[in-house]
Amino acid sequence: MSSETVFQARVEDPIGGDFYARRFQQGCEENTLVLNMGPQHPSTHGVLRVILEVDGEYILRAEPVLGYLHRMHEKMGEVKSWYQFIPNMGRVDYGHPLAWNWAYVGAVEKLAGIEVPERAEYIRVITCELNRLASHLLWWGAYLLDLGAFTPILYAFDDREAILDILQRPTGSRLTYSSFRIGGVQMDLDDKAVQMIKDFIPYFRKRLPMYKDLVTDNIILRKRVEGIGEMSPDVVNRFGCTGPVARGSGINYDVRRNEPYSIYDRFDFEIPTEDTCCAAGRYLVRMEEMAQTLRILEQAVEGLEQAKGERIMEKAPKPNWKAPAGEAWFAVESGRGKVGVHVVSDGSKTPYRVKLRSPSYSNLSSFGEVAEGVLIADAVAILGSLDLIIPEIDR
Amino acid sequence: METIRRNILQPIKDLWSLIVGLKVTGKYFAMKQVTVHYPRQVIDDENLKTYAGHIELVGKPKDPCMPRCISCQMCATSCPSGCIKVTKQKAPKPTPEQQKAMEEAKAKGEKVKKPAAPKNPAGFMLDYSLCSLCGTCVEVCPVKSLRFSNDIYLVGTSRDDFKFDLLERLRSQAEPRCDAPASKKQ
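From first to last, the protein sequence lines stand for chains A and H. Residue numbers for the first sequence follow my numbering, so the first one is 58 and each next one is one higher. Residue numbers for the second sequence follow my numbering, so the first one is 196 and each next one is one higher.
Careful, some of the hints might be misleading.
[Claimed, not checked] Distance ranges between label pairs, derived from CB positions:
#, chain 1, residue 1, chain 2, residue 2, range
1, H, T220, A, W378, 49 to 59 Å
2, H, S353, A, P381, 42 to 52 Å
3, H, I203, A, Y115, 46 to 56 Å
4, A, G205, H, G351, 30 to 40 Å
5, A, D325, H, E197, 20 to 30 Å
To be clear, the hints were calculated from the coordinates, so they are not data collected in a lab. Where a beta carbon is used, it is the ideal one built from N, C-alpha and C, also for glycine.
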């Protein structure tokens, strides 16, 4: 449907007609069924509606409809001061909030030319990587729950709790962290937390083979994910998918390696890729990423101990601090892909504009194309493999 | 060869993967439970100490009933959710002697000294139902008068149950050491 006809439809019927009536219904074939998946389907991890046009069990067309969790984070940035906007970031992606924290404070630091002390950088890397593990574990449990396996989520949450216990020490909370500050971090990592991380790394390394035995090698899972949701590198590029979704299609792109930020260039780690382009590829990439994250953690803890006794905060800006005029863009790699924040300042107490680039939005956009011609049960497997966090989509 | 692989070896391999998975499940079945039967059972308090819950006022070392707070409003300014409300104390009415002294000073053309308002706040309300737990209020406090409490077992039947009078809370915490009764104003 061209934009002109959409416009005309709106003029003729300015208040009536939703997305379904205006865009979807007109393209429907005869003898097909239109089915709403969601807004409460478990595979959508929250509130997302996908309209499916199905012929029997097969999907002819799929269209995600956004707009159920609208909280206007971008617009809210324009009415809150630079400092006050920080806790909003933890709410955009409750799975990996520290990456969003980092993207925002990184952008403001770049804008204002603030250097972050080395110890703060190490703390940021450690907490962010631990959070990535927690995020992948949440995905792992929830994805397998979508596919019908209940046990894995219990195992995943057992390990995730251990990570949250560690993260609680330097951040004070267990889910929506907002501990990074403009110029550093809020709290230091104490010796007990460092010890907990040191104990956790070998423990979790032993857990990974157990995950492999329990689920990854399991023929039931393999039959559900192998060859499902074929996403060619072309599709990935067209929709701007990033993170494990892109790496599962053989695209070796990771912000930590390709556009190094902070101190990531100091660590020795690999970017896992799979070129199967299917849900299994995305699954395996995430599993391998967990092992690589442990490698980064090991090195970062070593570096943290060398930077002992240093300060964790540059001279902190006051709550009514005015950022210099200009603009800045900062991107970090979250558990879901490239998280970017573009801030524009006119030199006042509040940002002139905050633009968020969220990976889930791009990843979900590809769903309509990938889900064409698959079974409804496979659509669940595809949606889950994209690892969606809904507030990111509808920010 | 391909047929043998597909029809015999592969199913055996597939079956084996199920047995391996079941072995893991069996192992964990025999292990100790990791879940806690709340509320019959609670976890130890070690974990609660590091939890940054709602904020509370810190008393002066010599007078624990009196907060360190100087009603500068920094916490209320920095709060993104607008959940803190600090009320300043009004300056006391001058006594007849002070009034007389002021008038005399005014007549002489000297600087008039008005009685100053006490710095400690008259009221300190926290609406915890709005708080986003960012901790910026604790950071910006110039006199370190705020800290996080470790209160996690909070429960209420209405939103009003989470509107805390922090001055009241401070007094109740320091109760045994409080000699003077709380003033009416507070």
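Against the structure, the hints come out as follows:
1. For the hinted restraint 49 to 59 Å between T220 of chain H and W378 of chain A, the CB-CB distance of approximately 55 Å keeps it satisfied.
2. At about 46 Å, the beta-carbon gap between S353 of chain H and P381 of chain A stays in the expected band of 42 to 52 Å.
3. Our hint of 46 to 56 Å for I203 of chain H and Y115 of chain A is violated, since their Cβ atoms are close to 33 Å apart.
4. The given range of 30 to 40 Å is respected by G205 of chain A and G351 of chain H, whose C-beta atoms sit roughly 38 Å from each other.
5. Between D325 of chain A and E197 of chain H the CB atoms are about 42 Å apart, so this pair departs from the stated range of 20 to 30 Å.
Taken one by one, the earlier hints fail for this structure at numbers 3, 5, listed in ascending order.
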